[in-house]
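Engineer: Listed below are the residues making up each chain.
Number of protein chains: 2
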Amino acid sequence: MTTEQLISEIHKKKSFLCIGLDVDLNKIPSFLLEKEDPIFEFNKAIIDATHHLCVAYKPNTAFYEAYGIKGWKALKRTIEYINTNHPEIFTIADAKRGDIGNTSTMYAKAFFKDLAFDSVTVAPYMGKDSVEPFLAFDNKHTILLALTSNKGAFDFQTKEVQNKEVYKQVLETSKSWHNSENLMYVVGATKAEYLADIRTIVPSSFLLVPGVGAQGGNLQDVCKYGMNDSVGLLINSSRGIIYASSGKDFAEASANKALELQQQMAKEL
Amino acid sequence: MTTEQLISEIHKKKSFLCIGLDVDLNKIPSFLLEKEDPIFEFNKAIIDATHHLCVAYKPNTAFYEAYGIKGWKALKRTIEYINTNHPEIFTIADAKRGDIGNTSTMYAKAFFKDLAFDSVTVAPYMGKDSVEPFLAFDNKHTILLALTSNKGAFDFQTKEVQNKEVYKQVLETSKSWHNSENLMYVVGATKAEYLADIRTIVPSSFLLVPGVGAQGGNLQDVCKYGMNDSVGLLINSSRGIIYASSGKDFAEASANKALELQQQMAKEL
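From first to last, the protein sequence lines are chains F and X.
Terminal number for the first sequence in my numbering: 282, no gaps in between.
Terminal number for the second sequence in my numbering: 282, no gaps in between.
Calculated directly from the structure, the hints in this document are not laboratory data.
Take the hints with a grain of salt, since some may be wrong.
All copies of an identical chain are treated as equivalent in the list; a pair is satisfied when it fits inside any one copy or across any two copies.
Stated by the list, open to error - Each computed EDC-like pair below joins lysine to aspartate or glutamate, with the alpha-carbon atoms no more than 20 Å apart:
1. K86 to D127
2. K126 to D37
3. K164 to E185
4. K177 to D142
5. K261 to E54
6. K122 to D61
7. K177 to E47
8. K89 to D127
9. K164 to D142
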């Protein structure tokens, strides 16, 4: 998917909501556990109930890998279901990968070719030659971790290097990489006040913003400091939406939560 | 596996060799492609030919994920084959994972429980709460990226933060994390001269050293600067061993290459 198509969808749906499909079998409604593929059944119900309210889905691969081959099969069925029924929706493999050059190419093939995601999250620690193999794919997007939403972000990301924090170095340096127009960045909503500074470094890039809802980030603040002329934001909510109810009405409850966020977003556009 | 068991194996085999099982279907002998599971068949042959010469096997997950579900099945068969036939061998999932707390727990389950690896490589960018969930598992080891073997290591890892390079901050800071005795570190052989400094920060930790062979690192230099009283080194070779021949004799050729390295290691012990 091109960035222009994503922006067009945002305006059509009046939404820049991304829904995180982080399926934990201990949290989904218990009646689903009797099904042959409870992970996929849960995702399918959530997607059927929310696809008109969001512009992106983001399965975090950890939740699938934890269930072994069964989990990977459910991930593949989920992405195929989205790509077949809702090809207009931007898909993010939240995988936080990154390795030396030829190995990153294998990861890129896994997520862009085998699973056919539109984008993948990548960790920057190993530098340029660990990220460029992802950037080499046309109309695929690499979402680089910049400033994450967790406490541990203060361990290294916010430390100063030559009078500039590590996460700012990551933003700055990555702009010079080959095909850097395919980059987006992860910036946690729990650190909304940092967004103004971030926008001076990457004014036009899309930012994927986790941490609204369960982690405590505030939607209005994120928009105030992070929105640009092309919107430039994908705001993710996972647990706050998908676990809105653990009863038979879980899909309807998730749609209600998604609608709340979509309505707040419509006001910001 | 405990660290003591690993050290005992090193002395028994006079080897601290780790073999990287990075299977690329474009590089393995073509006659294997006719088999139902060529990835596993290749690994099985390499393991059968080399298990007496090495103390660790390290499949890099990228090479398996690139082949989708077929790849994950081959990874599972490979680790099960090692654990069943050679339980004395230390196993490393080279996965370079890392995410916010509850998500890292899911990754830890994937590699320590579902796949039953002894250890997993983890990226430090997201800090303490992204690594501690891995450290919580008894007799399992978390191998943190410190200074990697690629060029991109100079993009961020060697930049100075408060008069100390980022990778040294990672080493230093990680020592204060809960269950830090379960930590090992990745230090590239291409940067052997850095090992003396690294040993002043983590004198007793095991270091996993990739980059000997194909990437140009030198075994003697790594031992000179990196070895400690308990050896403290696992030196990895992947392509240099497993792709020693593309003919029918590939397993024998890999054993010859492994033997060369093992003999050099025996001299260093």
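Engineer: Give a verdict on every hint.
Structural biologist: Hints, verified against the model:
1. For the identical chains of this complex, K86 and D127 are neighbours both inside a copy (12 Å) and across copies (15 Å), given an alpha-carbon limit of 20 Å.
2. Proximity of K126 and D37 under a CA criterion of 20 Å is satisfied inter-copy only: 16 Å between copies versus 26 Å inside one chain copy.
3. Taking the shortest Cα distances, K164 and E185 sit within 20 Å of each other only across copies (18 Å), while inside one copy they are farther apart (23 Å).
4. When the C-alpha separation of K177 and D142 is checked against a cutoff of 20 Å, the pair qualifies neither within a copy, at 22 Å, nor between copies, at 23 Å.
5. For the homomeric pair K261 and E54, the shortest alpha-carbon distance inside one copy (13 Å) is at most 20 Å, but the shortest distance between copies (46 Å) is not.
6. Taking identical chains as interchangeable, the C-alpha atoms of K122 and D61 are never at most 20 Å apart, the minima being 28 Å within one chain and 30 Å between chains.
7. Within a single copy, K177 and E47 get their C-alpha atoms no closer than 53 Å, and across copies no closer than 55 Å, so neither meets the 20 Å cut-off.
8. In this assembly of identical chains, the alpha carbons of K89 and D127 lie at most 20 Å apart whether taken from the same copy (9 Å) or from different copies (19 Å).
9. For the identical chains of this complex, K164 and D142 are inter-copy neighbours only, at 7 Å across copies versus 28 Å inside a copy, given an alpha-carbon limit of 20 Å.
Hint compliance for this structure: hints 4, 6 and 7 are broken, all remaining hints hold.
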